[in-house]
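Order-wise, the sequence lines are chains A, B and C. Under this note's numbering, the first residue of the first sequence carries the number 174, and numbering increases by one thereafter. Under this note's numbering, the first residue of the second sequence carries the number 16, and numbering increases by one thereafter. Under this note's numbering, the first residue of the third sequence carries the number 2, and numbering increases by one thereafter.
A few of these clues could be false.
Only some residues are given here: those of chain C computed to face chain A with a beta carbon under 8 Å [claimed, not checked]:
| id | residue |
| --- | --- |
| 1 | Val95 |
| 2 | His97 |
| 3 | Tyr103 |
| 4 | Val144 |
| 5 | Gln158 |
| 6 | Glu165 |
| 7 | Ala169 |
Sample of chain B residues facing chain C (criterion: CB under 8 Å; computed from the structure) [claimed, not checked]:
| id | residue |
| --- | --- |
| 8 | Glu93 |
| 9 | Arg104 |
| 10 | Tyr117 |
| 11 | Arg246 |
| 12 | Pro255 |
| 13 | Gly256 |
| 14 | Val257 |
| 15 | Arg258 |
| 16 | Thr624 |
| 17 | Pro627 |
To be clear, the hints were calculated from the coordinates, so they are not data collected in a lab. All C-beta atoms in this analysis are idealised placements derived from N, C-alpha and C, irrespective of residue type, glycine included.
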Amino acid sequence: MWLLIGMLLVGMASGLLLAQQGQAAPEGQRGSEAAPTPITLPFSHRVHAQEVGISCLFCHSQALRAPQASLPSLQKCMVCHEYITVDEPEARQQVEQLKDAYEKGLRVQWPDVYRQPDFVYFSHRPHLAKGIACETCHGDVENMELVEKQVEMNMGFCLDCHQQQPEEERARLMDCITCHK
Amino acid sequence: MASKVTRRQFLKISGAGLLLLSGCTANLQRPVWMEPYVRAPEETLPGEDFWFASTCRMCPAGCGILVRVSNGRARKIEGNPAHPLNQGRLCARGQAGLQLLYHPDRLRHVLKRTGERGQGRWGRTTWEQIVEELAQQIQGMAPERIAFLTGLLPDYQATLVARFLKGLGAPPAVVYDTQAAFDGRVVLEAASQALFDVPVLPIFDIARADVVYAFGSNFLETWLSPVVYNRAYGRMRSQPGVRGMLIAFAPRLSMTAANADRWVPVPPGTEGLVALALGKIIVDEGWDKSNAELRGFYEGVDVGAVAQATGVPAEELVQFARRFAEAHHPVAMPGDLLAGSTNGLEATQAVEALNLVLGHLGEHGAIFLTPSPPSRDLRKVPVSPFQAVRELVDRMAAGEVDALFVLGANPVYELPAALGFTDALKNVQLVVTFASMMDETAALSDIVLPAHTYLETWGYEFVSPSTDRLIVSAQQPVVRPLYDTRDPGDVLLALADKLGGKVARRLPWPNLVHFIQTRLTSLQLLEGNIAAQDAKTFWAYWLQHGGWWSKEQAWQVPEPSQNLSAKRLLVPSPEFDGEASQYPLHLLPVPSVTFGDGRHAGLPWLQETPDPMTTATWDTWVELNPATAERLGVKHDEIVKVTSPFGEIEAVVYVFPGIHPDVVAVPVGQGHSAMGRWAEGRGANVLRILAPRTVPSTGQLAWAATRVRVTKTGRRRVLPRLESNIGVDRARERGVVPG
Amino acid sequence: MSEREHRWTMVIDLDRCTGCQACVVACSVENNIPVVGEDEVRMGRAMHWIRIERYWEGEYPNVRARFIPVICQQCERAPCEPVCPVFATYHSEVEHVNIQVYNRCIGTRYCANNCPYIARVFNWFDPQFPEPLNEQLNPDVTVRRRGIMEKCTFCIQRIRRAEEMAEAERRPLGDGDVQPACVQSCPAEALVFGDVADPNSRVAKLVRSRRAFRLLEELGTEPNVIYLKGGEAHVG
């Protein structure tokens, strides 16, 4: 019930937001002129997660409460980069690229490294709730410049781990419908 | 995996031959790109659900809904459990609202005709230009030559239209659609006026009644507020210690009658006579002790004559009367079919009078009246009778209308063809239609203004008829508008601003939201589900909860009118258009559980939803009594021609055991020549062949007063239905599929 | 039976069901059920997971119609299960629901052939959702492609969602927390859903009703869908 109320509250908040905006043309509105092709930006997990020490969940914040871990919006990047820049010229230029994209509202896209097919139900939430660390499945991302797929996240990968769980959990974790939809 | 053929793949290749290898593995290898927001809108968190409270607009009832939105898309509409009207429940139409929003054939731009009218050649223009242009045109016209024809609009739109026209000095809008005519709103209001001195809609508390008599009623299908009556019906059946009983008097075994404990078939238009006879027996046998002054109601009623006219034996009438009188909480309810007859007003009064003579008013399981709105700002715009449409068409034909604006109605589709609307349209210089899809009327317009769907805009609705609360339901956008559309209300505000002067003073708000907020100010002081210190907080709570509703019960107890003691109830014999010798059968158009009056025929979910009684989908059929079908020499799936004095349609025969032999029923809703890929060119539109007959006392369209003849065509088309046809083998047995 | 096992049961009160079709549309919306079109319906290929069967009784004028909503009966001893050569359909010991694993299914249709309730439907073609109609799709339910058998799942995704929420809020699952789409929408409140393993649940009380029966009970399939008989006319 509380959850429902929480949702309604958010619904309300957004209602206010739209009211203030007076229904300005929304982002990604269809029917208008074709949106420009998306660009890509350079990004180093090593720098952010290892050198600067930002927690995974700061950017991938939805992992705690939703199926997807989610990518941060450019706005979130700007929380830091509004103020923080770097000396190294190449990196500085990369940060400028980000600022430019943010200010112009350019579409930015990222390759999806780990992807589950449509018939798989996977949610980050219960896994994090059990205290499973990100590295368990995603590997040592902290030390990767570019994220590479280190494991093939197939059924065997999931079941290997599910099978090692305590006896009383196992029936549920081995049930097909737990992970298939 | 692909290197060796597994048993599973082998089976797939050999067993099912034609099936290609499932592409799921291929799917994984395709690179997928993800695109995060640049600035994340506040109402979205990736992967998380939001439930927005709003109001359903698929019919005029005004149920509260919660819409599940994830990743910025509306995924599911459910009833709002907190809303006192529908209490979390929703009907088939309400569930299908998503397809109105995501329909691929929606209008996306302002369209201006470039070819001849109806040629379908359109140019695009911008909102700014069109508002400018319309303002100029309106300024050049005499205000009395401007006309608005609207359907039963949501309150916010109806109020804005009324104020706009008043500001212009133009005549008030004609508020008419076929759904309202099927509901019999003007008839019910006139009956309340006659019996209780107030022209409002009645409410029947069937949930707590032990005996319910329904006369010509389809309250479980489309009548007024189907979700409310379905819920009430369910509760009526399982009250603590009591199983309520339902008896239906009607010419056709509708879904409502199918749920009754007993269906009593009567010829069309004679339901009121049955009610009269029951009342007569009740007073004659002295069941009416407390209301002796109402005995005059039944002066001169001849039970024997009623038995003869209706085919219900006199002894049975006596039994029905006693059962009703003996009950603790009996209630008699008039239905839509009464309103379609020429004696609709009298019949409705005769039915409601049964509650009066037994003194069952405003109590447990009885009849109540819809209360007036809590403030003047929330007053409703009255519904117009069909007579007003007739007058408008006459004026159009006479060249007295320069500009016609159509909003929330589809007159080209829904009016009887004999009324001549389409021809009269030719004499109107400027035709402007607000629509979200290209319907038949929009197709014949000069300018089409694409409208938001109800899931993209703001609104409010004072719910009428209501339950036991006063309800001001909230409507808010649940997704951002998909296309370059606008709410018609916002268009009127922009137009008024451009026109200036008196209109601008009547519509001084910069946008819809400001306008709606001013409507709500008075509610803040009243005791209800939300308490707020200031307007902003009230607004926020109002949206969050899906509306405001009174804390106290607000059922209005009907007060019998003073002059009833002198009143005599008379139900004249029903009249029909068409010579009985040439047109031997009565035509009964049946409003559809899925399409209503036809406006939702564009939605594929609803097209494929089976009709409850025939289980048919996607087509129009003609229901014939088995004896009638035999006499005509037709069987299931044969195409017949249904001819009235005003036109003809063709449809497929369904031999229907639950229909009076003199009656032929045809569902409403198909036969569209526009409205998108799923509606176009399918079935037939029965509304077109109705007699455009007005009942003088109310101005209502007597939509069930046309006679027809049915003739064979010799052709055949299998009706797509589920019955006897579930699973492929059944279809094979019936010879529908070869093999 | 452990605390986390459930025996999901649906009770269908035929005295309340009005045949209004709200459940049919609710189910199609929730479960991404494709619309097959006029010709396919004619061939008996409509894909609804819930249908309301209408039976005529008697002849005019003493004719009646009765409505019976039919869904997958979630049999404890399901005839569809043993005939699947690839184990795409099986009985979940945790939820006590008959499960169809779509990505295992190879489309032999043996299961549909063996189902006495005709509760299973087959994808003869790939489903079509012309844009932007695809945006209505429920992300919790996969879109089945051509050649795959499907059927009512008791809205397993909603069961899962409710279980996850209860777990996140560290509370046991309450009666009424799980409502399949049909039950949620039913205007006449004819459908009730819950866990009969919980003796205090509404369904546990309702299944003890004198009116309770199962469809084709004599086949011994032990359905988890319980019907309550409609009341008889006591008039005229």
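These are the hints, each one checked on the structure:
1. Val95: holds (5 Å)
2. His97: violated (11 Å)
3. Tyr103: Holds - the Cβ of Tyr103/C comes within 8 Å of chain A, reaching about 5 Å at its closest.
4. Val144: holds (7 Å)
5. Gln158: holds (6 Å)
6. Glu165: This hint holds: Glu165/C lies near chain A, its Cβ roughly 6 Å from the closest one there, short of 8 Å.
7. Ala169: holds (7 Å)
8. Glu93: holds (6 Å)
9. Arg104: OK, holds: Arg104/B within 8 Å of chain C, min 4 Å.
10. Tyr117: holds (5 Å)
11. Arg246: holds (5 Å)
12. Pro255: Because about 14 Å separates Pro255/B from the closest Cβ in chain C, which is outside the 8 Å limit, the hint is violated.
13. Gly256: violated (14 Å)
14. Val257: violated (11 Å)
15. Arg258: Result: holds, 5 Å to nearest chain C Cβ.
16. Thr624: holds (5 Å)
17. Pro627: Check passed: Cβ of Pro627/B comes within 4 Å of chain C, closer than 8 Å.
Hint compliance for this structure: hints 2, 12, 13, 14 are broken, all remaining hints hold.
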